[in-house]
Amino acid sequence: MMFGDCLKKPTRRASPRDLVMNDQPIESPMNQTHSREVIVALEQGLHARPADLFAREARRWQSRIEVVGNAQRVDGKSILDLLTLAAEEGTRLVVEATGPDAREAVDAIGSLFDQNFATEVESVSHPNTTDPEKQPPGDASGEQAVV
Amino acid sequence: MKFSDFVAVEAIRPNIVATSKEGVIREMTQSLVDAGKIASNEMESIVKAIMKREDLGSTGIGRGVAVPHTKHPSVNRLIGTVAISQQGVDFESLDGDPVQLFFLLVSPPDRPGDHLRALENISRQLRDDTFCKTLKEAAGPHDVWRLLEEADAQSIAS
Numbered sequence: 005m006m007f008g009d010c011l012k013k014p015t016r017r018a019s020p021r022d023l024v025m026n027d028q029p030i031e032s033p034m035n036q037t038h039s040r041e042v043i044v045a046l047e048q049g050l051h052a053r054p055a056d057l058f059a060r061e062a063r064r065w066q067s068r069i070e071v072v073g074n075a076q077r078v079d080g081k082s083i084l085d086l087l088t089l090a091a092e093e094g095t096r097l098v099v100e101a102t103g104p105d106a107r108e109a110v111d112a113i114g115s116l117f118d119q120n121f122a123t124e125v126e127s128v129s130h131p132n133t134t135d136p137e138k139q140p141p142g143d144a145s146g147e148q149a150v151v
Numbered sequence: 377m378k379f380s381d382f383v384a385v386e387a388i389r390p391n392i393v394a395t396s397k398e399g400v401i402r403e404m405t406q407s408l409v410d411a412g413k414i415a416s417n418e419m420e421s422i423v424k425a426i427m428k429r430e431d432l433g434s435t436g437i438g439r440g441v442a443v444p445h446t447k448h449p450s451v452n453r454l455i456g457t458v459a460i461s462q463q464g465v466d467f468e469s470l471d472g473d474p475v476q477l478f479f480l481l482v483s484p485p486d487r488p489g490d491h492l493r494a495l496e497n498i499s500r501q502l503r504d505d506t507f508c509k510t511l512k513e514a515a516g517p518h519d520v521w522r523l524l525e526e527a528d529a530q531s532i533a534s
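Chains as they are written, first to last, in the numbering used here: chain A, 5 to 151; chain B, 377 to 534.
Because the hints were derived from the structure by calculation, they are not lab data. Backbone N, C-alpha and C define an ideal beta-carbon position, used for all residues, glycine too.
Some chain B residues close to chain A (C-beta under 8 Å, calculated; not the full set): (1) 437; (2) 438; (3) 470; (4) 489; (5) 492; (6) 499; (7) 503.
Quick look at which bits of chain A chain B covers, simulated, 3 or more residues with Cβ under 8 Å: (8) 42-54; (9) 87-97.
Turn these sequences into a full structure, and let the hints guide you.
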């Protein structure tokens, strides 16, 4: 047990002094950077709807969030930026967050990819032009034809 | 994918009169019918499909821009058009701002890459404030087309 304790590396913890310094030390939690590689598994690629979901999630966090891929680095909080990635199915991206909640932000965005942006993104069925009876959901009447 | 690859010049509407989301979508789809790019008997189906997509979340992506779109089996290549509203339309945009610039896209179900590359081009150009401003001030369809061609030429050069 004593031997094990000796092997532990001393870890630096933020001291109250860190908080009063104007220039935060690089180890400060305020500056932490965390990143993760994700792969676009959406059949349609990272199109408008998942880009919207991504940016919405990213905006929930204080950290600066950037996405690197297809030889670009873009702002993860901007749909316009995310769409310029033109990330097709199979594209590898790196999500990088810098700030006080970097790890949580990357985890949250990573889980969007893990869940493949939930099934709703891909469930937009193609209109069936041979079926004139088919009603789109959300008609002004608010009635659901099929429950 | 360049603007000139998918925008139907005959369908550009620099001064749409519609004041509602569905009105704009209808007017733009009609412009594609009038330009002979989609069959008139498919129009209702396309308008419904675009509205259905809007129900999932507005394509008003902010900065006064919306990209209403759908996949539709009646087209065999990506087609699109551009419309401008001088007064702005409430499109339930993500930033809440009224929308003045509309890019409507209809793509074949089996060509997701083309759709993605069209969105890429539109997004890239729309990040440029000067481009947005000049587009809103375009006096006629040919002014719009000239701006799109200019943007195409710049994106090739860069």
